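Last residue of the sequence shown: 523 in my numbering, with the numbers rising by one and none dropped.
No lab work stands behind these hints: they were computed from the structure.
Remember, it's a predicted structure, so these values are computed and weren't measured experimentally.
Quick reminder that beta carbons are idealized off the backbone N, C-alpha and C, glycines included.
One or more of the hints may lead you astray.
[Stated by the list, open to error] Simulated restraints, written as ranges between beta carbons of each label pair:
#1 Ser360 with Leu495: 22 to 32 Å
#2 Leu314 with Asn421: 22 to 32 Å
#3 Leu314 with Val351: 16 to 26 Å
#4 Trp390 with Val432: 34 to 44 Å
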Amino acid sequence: MTSSSAHATGAPPRATAAASSATAARGRLVIDAPTRMFHWLFALGFLGAWVTADGERFRLLHVTLGYTMLGLLAFRVLYGVFGPRQARLSALFRKASGIGAWLRAAFTAFTSGSPGAVNWRQGQNLLMGIAVVALLVIVLPLTLSGIGTYNEWLGGDAFEDVHEFFGNAMLAVVLSHLGLILALSILRRRNQAMPMITGRMPGNGPDLVQRKRTWLAALLLLAVLSYGAWEWQQSPDGLLAGSANSSHERDDD
Numbered sequence: 271m272t273s274s275s276a277h278a279t280g281a282p283p284r285a286t287a288a289a290s291s292a293t294a295a296r297g298r299l300v301i302d303a304p305t306r307m308f309h310w311l312f313a314l315g316f317l318g319a320w321v322t323a324d325g326e327r328f329r330l331l332h333v334t335l336g337y338t339m340l341g342l343l344a345f346r347v348l349y350g351v352f353g354p355r356q357a358r359l360s361a362l363f364r365k366a367s368g369i370g371a372w373l374r375a376a377f378t379a380f381t382s383g384s385p386g387a388v389n390w391r392q393g394q395n396l397l398m399g400i401a402v403v404a405l406l407v408i409v410l411p412l413t414l415s416g417i418g419t420y421n422e423w424l425g426g427d428a429f430e431d432v433h434e435f436f437g438n439a440m441l442a443v444v445l446s447h448l449g450l451i452l453a454l455s456i457l458r459r460r461n462q463a464m465p466m467i468t469g470r471m472p473g474n475g476p477d478l479v480q481r482k483r484t485w486l487a488a489l490l491l492l493a494v495l496s497y498g499a500w501e502w503q504q505s506p507d508g509l510l511a512g513s514a515n516s517s518h519e520r521d522d523d
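Let the hints inform the model, and build the full structure from the sequences given.
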């Protein structure tokens, strides 16, 4: 049967097996380019904002990174509403909402003496989804409170503590997210961050992403770089100067 089928399709069995092996090695495309670009720009933006949080010299750069993160959030929301199905925010929130059912199933499996029955892959996906949702939720009050502090809304002091609280909360979520990825990479002996780099997941099966949309990822990167360059030009001494040169500086008159 197998031999006949191979001859009928005109493909030798060895060629068919080689093609299947090559497909498995290449993996399935599961994350498109705009989503991956947003992820890394967002991560770098938060890292830069955290590093430049203290010190007057870096204040303009810190504020610029904050506005950049707010713009990236706006892009992700729009892409999550109007983008392809696999990038929809509704799918992300729906995935995260299943954590309760998974915890109950895991608890039942452990109490019945059958820990092997726990679906750990599902638990991994749920925890990852929760981390992403938490980051997207936290960044809005984080950036808005930062803007309020910088522009001294209501005196500024009212927003400073809020900004610090959400900054620490976001750092905790980021570290938990990285810790989970590291733990899973060690336990499963596979780099769990690789799909966010290449967009592909090892194994056979159909691609979840039909179009890479590399052009949109390039436009997003260009927009972020252009905004940074514009902010740099607005300050005579660049973004490493004191706050007096900021394009966002208040009018003291």
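Hints, verified against the model:
Checked against the given bound of 22 to 32 Å, the beta carbons of Ser360 and Leu495, roughly 30 Å apart, stay inside it. For Leu314 paired with Asn421, a C-beta distance near 25 Å keeps the hint of 22 to 32 Å intact. A beta carbon spacing of about 24 Å between Leu314 and Val351 agrees with the range 16 to 26 Å that was offered as a hint. Evaluation of the 34 to 44 Å hint for Trp390 and Val432 yields a pass: the beta carbon distance comes to about 37 Å.
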